[in-house]
Amino acid sequence: MKVTFPHMGHMWICLSAMLEYLGVNVVVPPPTSKRTLTLGARHAPEFACLPLKLNLGNFMEAAEQGADTILMAGGCGPCRFGYYAQVEHAILEDLGYNYRLVVLEPPRKHIGELLSKIKYITGHSSWREVIKGIYFGYQKARMVDDLEKQAHFLRPREVQRGSTDRAFKRALQEVIAARHPQDLPKVREKVRRIMGAVAVKPRPVLRVGIVGEIFTLLEPFVNYDLERKLGYLGVETDRSIYLSEWINDHLFLGLVRGQRSRKEACRAAAPYLNHFVGGHGQETVGSAVIYARQGYDGVIQLLPFTCMPEIVAHSVLPGISSELGIPVLTITVDEQSGEAGLVTRLEAFVDLLARRKGVVVQ
Amino acid sequence: MKIGIPRALLYYYYIPLWRTFFEALGLEVVISRPTTKTILESGLRHTGDDVCLPVRVAFGHIIDLKDRVDVLFLPRLVSIARREYICPKFLGFPDMVRQGISGLPPLIEADLNLYRRDSLYPFFSALGRNFTSNRFAIYLACRRAQQVQARYIQLLEKGFFPEEARAALSGGTGEEQREPARGWPRVAVIGHPYNIYDPYISMNLLSRLARSGVHVCTADNLPEALVREHAARLPKHLFWSLGQRMIGAAWHYLQRPDVDGIIHVASFACGPDSLTGELISREVKRRGKPFLNLTLDEHSAEAGVVTRLEAFLDMMRRRPLLQVGGNGR
Numbered sequence: 001m002k003v004t005f006p007h008m009g010h011m012w013i014c015l016s017a018m019l020e021y022l023g024v025n026v027v028v029p030p031p032t033s034k035r036t037l038t039l040g041a042r043h044a045p046e047f048a049c050l051p052l053k054l055n056l057g058n059f060m061e062a063a064e065q066g067a068d069t070i071l072m073a074g075g076c077g078p079c080r081f082g083y084y085a086q087v088e089h090a091i092l093e094d095l096g097y098n099y100r101l102v103v104l105e106p107p108r109k110h111i112g113e114l115l116s117k118i119k120y121i122t123g124h125s126s127w128r129e130v131i132k133g134i135y136f137g138y139q140k141a142r143m144v145d146d147l148e149k150q151a152h153f154l155r156p157r158e159v160q161r162g163s164t165d166r167a168f169k170r171a172l173q174e175v176i177a178a179r180h181p182q183d184l185p186k187v188r189e190k191v192r193r194i195m196g197a198v199a200v201k202p203r204p205v206l207r208v209g210i211v212g213e214i215f216t217l218l219e220p221f222v223n224y225d226l227e228r229k230l231g232y233l234g235v236e237t238d239r240s241i242y243l244s245e246w247i248n249d250h251l252f253l254g255l256v257r258g259q260r261s262r263k264e265a266c267r268a269a270a271p272y273l274n275h276f277v278g279g280h281g282q283e284t285v286g287s288a289v290i291y292a293r294q295g296y297d298g299v300i301q302l303l304p305f306t307c308m309p310e311i312v313a314h315s316v317l318p319g320i321s322s323e324l325g326i327p328v329l330t331i332t333v334d335e336q337s338g339e340a341g342l343v344t345r346l347e348a349f350v351d352l353l354a355r356r357k358g359v360v361v362q
Numbered sequence: 001m002k003i004g005i006p007r008a009l010l011y012y013y014y015i016p017l018w019r020t021f022f023e024a025l026g027l028e029v030v031i032s033r034p035t036t037k038t039i040l041e042s043g044l045r046h047t048g049d050d051v052c053l054p055v056r057v058a059f060g061h062i063i064d065l066k067d068r069v070d071v072l073f074l075p076r077l078v079s080i081a082r083r084e085y086i087c088p089k090f091l092g093f094p095d096m097v098r099q100g101i102s103g104l105p106p107l108i109e110a111d112l113n114l115y116r117r118d119s120l121y122p123f124f125s126a127l128g129r130n131f132t133s134n135r136f137a138i139y140l141a142c143r144r145a146q147q148v149q150a151r152y153i154q155l156l157e158k159g160f161f162p163e164e165a166r167a168a169l170s171g172g173t174g175e176e177q178r179e180p181a182r183g184w185p186r187v188a189v190i191g192h193p194y195n196i197y198d199p200y201i202s203m204n205l206l207s208r209l210a211r212s213g214v215h216v217c218t219a220d221n222l223p224e225a226l227v228r229e230h231a232a233r234l235p236k237h238l239f240w241s242l243g244q245r246m247i248g249a250a251w252h253y254l255q256r257p258d259v260d261g262i263i264h265v266a267s268f269a270c271g272p273d274s275l276t277g278e279l280i281s282r283e284v285k286r287r288g289k290p291f292l293n294l295t296l297d298e299h300s301a302e303a304g305v306v307t308r309l310e311a312f313l314d315m316m317r318r319r320p321l322l323q324v325g326g327n328g329r
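Chains A and B are the protein sequences, given in the same order. For what it's worth, the numbering used here labels the leading residue of the first sequence as 1, then goes sequentially. For what it's worth, the numbering used here labels the leading residue of the second sequence as 1, then goes sequentially.
Among the hints, a few may not be true.
[What the hints assert, rightly or not] List time: in silico DMTMM-like cross-link candidates among lysine to aspartate or glutamate, alpha-carbon distance up to 20 Å: (1) Lys109(A) / Asp118(B); (2) Lys289(B) / Asp94(A); (3) Lys109(A) / Glu229(B); (4) Lys132(A) / Glu245(A); (5) Lys285(B) / Glu46(A); (6) Lys229(A) / Asp351(A); (7) Lys236(B) / Glu113(A).
Read the hints as simulated data drawn from the structure, not as lab findings. These figures come from a predicted structure and were not determined experimentally.
From just these sequences and the hints, can you work out the full model?
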């Protein structure tokens, strides 16, 4: 059995750490590329959202490397993601791929449904080992997220352009290379030294909160490395969702203390959006409100074309923008998006923010 | 007191229920005018580009109503069946309206949520308390409304379309006299009620088909249980109620030898339809029935739709000839 899974930013680091710790044979799909997108968009339904198309492309590329089992998350709606796995599997079957599908999702009748699926993937590992494996993956996710947060801070302040990215890449390799939970403290120390070596100088920066749909937030391929681009424009960014926070909220039910939780965001969404709308729609609205209250200079919303929850959020964001006085830019991505168009819009947005604040950035 | 109900979204399923309930409580029900260009355009002006057509039309209907009524009925339709939703936009619709339209009359709001329970009473009781403190009156109104709704559903299952069924309900009698629809070929039109039953949005699809002698049937002409039985063949329970109906009906009509073809109607960029439509068309391909996929949006031009429809009907009419001649393939 060779297990594969779809890409979502750096999620593969956490997932393959977890699975390999448990002795599962993992095929990480090749990094998402133009080819992935072309393959996926050719066979996926036209109006399906972008993540579905990329997932499909990932699976087709992973099959070339011998993967035969798909491990995916599911859901119970109303966001389309809950039905991704089934539609993708139907498409792959019609194309002649022979994939087994294992969907981890909230069970409909009995918790046993979920447990037996985990057992199927992990084979002979004991539950104790499984839990240790999951926690190992989570710790890696957290380290990667910390690295990203540091990079967001350093990039607009770095002395030598590109030094942050080089350090980030090296540090990421260290995290990836860690094979065992016992290695993590050493890696953490090493990573701290690498990131600490980036030279910075104090200069005025703008602060922008990025909100929106989780896949487009986490996957640099679809958002054209938005955070890096903003960093080079002199903007420090924060993101409403990090992978480790998502894991803590949805898998650990918020047990790990000291991490931001979606509950705050959902509370802050009232009175603009008073009900959950699936996906991360309510979190998007609530996070925009929180960023406005925290004095951020602007908010950028990211969504894949036709994403239903984010369209609802998009419809109420103008009210927040005018009432709380924070500029909001909405960016929709799909397979037709172009990088140059995005850059122009970002530059214009950053100019607007800088003038409002009366500062000169880079 | 006048209460406004927009002629949009699930109006076509639920209007007898809403109307009977409010009338039993002594309110005057005002329904927005049938969709026109003006209504559509005012809806377009008040919504973002990426919002789907049905929601944009619904905005137009609310604008049509807002100055003519004392209160506006704007329920949040969270779930109309166990463990199912309708679509995220239905969940957020009241919030979108409040942000998008200014000068609204007082809103009569309540969450209709059958995700974990089966009774409609809590919903109606929340609604009724806006108008009366008499619980018994609310209970009676709720019961009466559900009786009328049950008759409406029966009429739909007999082959009536919503407007005809509504006329039959308010006319009191006459439902038995209606002769069964005839015609050939027999075509199943599969689409969300607010797309296929709104003549302006569907560009008179149903009446156009009827005029060319086609016998039309829709998903709503099938009993709920039958639809669900077919949808249960999916590998996983589908969590969109309308999607259940679309898939269940399509798969049922696919099996029926007396149904000659299927027309799938979806609005541009409809989320659930992008997946359920895909599952339907894959099944159709396996079984080889004539299939037409019509996508509607605010730019749809009538001539284009008519041409495609005519071509589709021609194809269906010629099919038997080809098969008899034996040189069809």
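How the hints compare with the structure:
1. Lys109(A) / Asp118(B): holds, 18 Å
2. Lys289(B) / Asp94(A): holds, 18 Å
3. Lys109(A) / Glu229(B): Holds, at roughly 19 Å.
4. Lys132(A) / Glu245(A): holds, 18 Å
5. Lys285(B) / Glu46(A): Holds - the C-alpha atoms of Glu46(A) and Lys285(B) are around 17 Å apart, at most 20 Å.
6. Lys229(A) / Asp351(A): holds, 14 Å
7. Lys236(B) / Glu113(A): Given pair Lys236(B), Glu113(A) holds - Cα atoms ~13 Å apart, limit 20 Å.
Of the numbered hints listed earlier, not one is contradicted by the structure.
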